[in-house]
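S.K.: Use the sequences and the hints to build the structure in full.
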Amino acid sequence: MAAPGDIPQADPALRRAQRDRARGQKRMRWGLLAPALVVIGIFGLAPLSIALVYSFLEPGTYGGVTWAFSPEAYVQFLFQRDIFDDTLGFNGAYLRIFGRSFGLALITMVGTLILGFPVAYFIAARPERQRNLWLFAVTLPFWTNLLIRTYSMMLIVRDEGFLNGALIWAGVIDRPLSIIYTDGAVLLGLVYSYLPFMILPIYASLEKFDFRLLEAAHDLYASRVQMMRHVVLPLTRPGIVAGCALVLIPALGAYITPELLGGGKKLMIGNMIALQFGSGRNWPFGSAAALILMSIVLIALLVSLRSGAKPEARHG
Amino acid sequence: MKKSLMTTALASAFALTAGLAQAEGKLNIYNWGNYTNPKMIEAFEAKYDIDVTLDGYDSNETMLAKVKEGNSGYDIVVPGDYMVAIMIEEGLLAETNPNAMENFGNVDPKWVDVYWDPGRKYSVPYQWGTTSFTVDTEVFKGDIHTLKLLFEPPAELQGRINMLNDMNDVINAGLRYLDYPRCNSDPEQLKAVMELLVNAKAHWRTMDYATIEKLTSRDVDLSQNWNGAAMRARADRPTLSYAYPKEGFTGWMDNVAVLRGAPNMENAKLFLNFMMEPENAALTSNFARYANGIKGSEEFMEPEMLSAPEIVMPADAPAPDFVPPCSQEVVDLYNKIWTRLKQ
Amino acid sequence: MARRSTKPRELRRQPLFTWVSWCVLGVLYAPIAVLILFSFNDNRAVMSWTEFSLRWYGAALENEGIRNAAVVSFKVAAIATTAATIIATMAALATSRGPGYPGRSAAIALINQPLMIPEIVTAVATLAFFSILRQVTGWTGLGWLILAHTVFCIPFAYMPIRARLADMPDTFEIAAADLYATPWQCFRHVTLPLLMPGVLAGAMLAFVVSLDDVIITLMIAGPGETTLPIYILGQIRRGVTPEVNAVSTILIAITVLMIAAMFTLQKKRP
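Chains as they are written, first to last, in the working numbering: chain A, 1 to 316; chain B, 317 to 659; chain C, 660 to 929.
A hint or two may mislead.
[Claimed, not checked] Derived DSBU-like pairs (lysine-lysine); straight-line CA-CA distance at most 35 Å: (1) A:K266 x B:K342; (2) C:K734 x A:K208; (3) B:K355 x C:K734; (4) B:K464 x A:K265; (5) B:K457 x A:K265; (6) C:K734 x B:K363; (7) B:K426 x A:K265; (8) A:K266 x B:K426; (9) B:K507 x A:K265; (10) B:K464 x B:K437; (11) A:K265 x B:K363; (12) A:K266 x B:K652; (13) C:K734 x B:K342; (14) B:K363 x B:K457; (15) B:K457 x B:K384; (16) B:K355 x B:K611; (17) B:K384 x B:K562; (18) B:K507 x B:K517; (19) B:K363 x B:K517; (20) B:K517 x A:K266; (21) B:K355 x A:K265; (22) C:K734 x B:K652; (23) B:K426 x C:K734.
Quick caveat, the hints were computed from the structure, so don't treat them as lab data.
M.R.: What follows is the structure, encoded as structure tokens:
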């Protein structure tokens, strides 16, 4: 157990003390982790296992499941037995729905990043006693209920809504823009809903930023853009990554907002899975689709963890 | 300060998790949201000295998913007709025999031997109505009593239509328009229906349950709707008119039933009996704006209810079509059509 | 080369960012302004204005159902947020600093698991699981709902705290240890204050997430445990009334008053 810096003649008592300290640290670490692991281990993994089991069963007559093994749910995701001649043909419908949701979630993530980073920076640059106030100001709108907030949003973007009204009054357009029930409205609604999920993690990471580093950069003749790119952004990277995860993943499963603002003519992953547990009466398929989604997200998360781990080790 | 906060939090959590003693004089009702007249609950509470909790659901399927596991804590649920049939078959309802209760004579005879509960061994009528569509007669001036307006709309209605976001309501309307039977598993016929729907979708603006908002805010001029909701919408937009298409339209009835293993079985039975009294049925009708199935309630109902075209069907309208639950095979096919329609 | 003479304070300001921030704040509050405005709408329909009236405030205060729903919502959110933030802080401390160790990636993945699975599936599966537990233990009550909320709030509290901890140098803590501080003292007086913005951010996120949850609550809530979102969802088919606007406005007003009180009290301290 010789490490650089050790006293050459390692005193057994010293080594024992070092071992005990390491073990104590390890115990403390797992002790700190224990509540999270226990709570999620039981109450997060148990439902997950139930979903996993359901996905390999057959659907029950009126919803629920029957205890008979069948991988049909997974097959159904990509293939369908043609209702006319019972052959197994490729069914792109579910992939299309997945693709649409992924696309929308990605654009939402980018949108919240572009809008959220400046706000997080702005708050972090405020004098210290004001910062919490600004944080509350940013989160307060979200203490109202999602449905009512969305209805209010609809009132603004409707054909005869406030936005069109204002634009017409200002003379910018003469016929109302059809914003509502389009993909644009859905995107607006999603970006709105997920802004705090991007702002707060970035703020948490940015707040400890030592603004004197900016002075140093300035002394070295850096422009504002360079300062942002080479000083601020790298140090807030953990916050940005956290924000992206907290926006992207829930946005994938979002369906109330897309349904209300988009008109309900297109299915998102969320509605599709909910349908299986409702009038679709196919719980195994709903579970299977959810697990497929989860696997994709899990793989992406692990990949980002690995790539994020290396720079952290350097700083840590 | 953090420590005391934590102990307070833990203490409250434990207090809240402590089991609730099942006291005499409680009743847990699980009904559709905004469907129960508070005055009726007050009357029941006053008459029997029972404490009522009321919770709301937004669809039959949500309610089924929740009570399927058993032990939900609810006593009373209010399923739709097809859901009662499903729940009886799944053994989820208690056989309380309303037909032997004191007020059973008040039930209108035509609602006694219904396909979902022949002889009324499990359930009591609550409200019944029809699902068709409403249209603004100022925008469209022709004959409104045809499903053609939904599937092959004239120019003035194109892009101004809302359909219900319900697989069965949309597909059934399509089946009626093409004159095919309901609970259909014929591949050729279903193919035709799918084509019809996919082509018609281009003319639909939205597919949403919030029909009243859509109509009153003038986002759409025609919407698939329930008759009571249509009446409410008409209050805000008087040019709306409820259609009784000659191709047919859905009839439905919501029924009060007791869950098997309900914690307050006796109180639940009292409630069933209470609901069969004309005054109480009228209280519900006046609130929810639908017809009930109890004789003699007309005396207590608001006059507007008794003359509204949405409640009183014209003599030449076809009889409402009550659709029983379809087999799993059919549901799978409908599911595929619905997904293809909305992909 | 001449040096641009800008004062250090001005370096902080990024005019573009400030401008964007004010626009974003404006957009954030626009629907809220509309929501408050329409709570004074005389019309029953929530989307078309007739005239000014206070009737919905009266109706909301009389309506026991909506009052209970609001109370339950806040109760559950407050307790779940507290529990989730504490658990998440502990977990973040154990996973975010220092060199990696076997099992760390797995632990992080596990902590984030509730985030990754679509809510409807969690809802149905948790219902199945809780039904068994409810039968076996015989417990009923709000605790189950709070537990379910805590589980999905943990990842939301965890991520900001973790982001804050990453790259945070432990010089202060080492200094404290050198001064013979115990680990708990070190945490309370050194680490926690440094961590506070992250903890606060995480707590606020968890609170918002819990307040707005619909699907999981819909399935898990027992009799008498309706929350505000569930109440409103149930109204959609029969017409949402502006009572909800009134309740939301009242809640916003209460919150603003509470925060204002908190801040004036804080200022008074020397």
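S.K.: Give a verdict on every hint.
M.R.: Right, here's what the structure says about each hint:
no. : hint            : result
1   : A:K266 x B:K342 : 44 Å, violated
2   : C:K734 x A:K208 : 32 Å, holds
3   : B:K355 x C:K734 : 28 Å, holds
4   : B:K464 x A:K265 : 20 Å, holds
5   : B:K457 x A:K265 : 27 Å, holds
6   : C:K734 x B:K363 : 32 Å, holds
7   : B:K426 x A:K265 : 38 Å, violated
8   : A:K266 x B:K426 : 41 Å, violated
9   : B:K507 x A:K265 : 20 Å, holds
10  : B:K464 x B:K437 : 40 Å, violated
11  : A:K265 x B:K363 : 48 Å, violated
12  : A:K266 x B:K652 : 14 Å, holds
13  : C:K734 x B:K342 : 23 Å, holds
14  : B:K363 x B:K457 : 51 Å, violated
15  : B:K457 x B:K384 : 48 Å, violated
16  : B:K355 x B:K611 : 20 Å, holds
17  : B:K384 x B:K562 : 38 Å, violated
18  : B:K507 x B:K517 : 15 Å, holds
19  : B:K363 x B:K517 : 52 Å, violated
20  : B:K517 x A:K266 : 11 Å, holds
21  : B:K355 x A:K265 : 39 Å, violated
22  : C:K734 x B:K652 : 42 Å, violated
23  : B:K426 x C:K734 : 48 Å, violated
Hint violations for this structure: numbers 1, 7, 8, 10, 11, 14, 15, 17, 19, 21, 22 and 23, all remaining hints satisfied.
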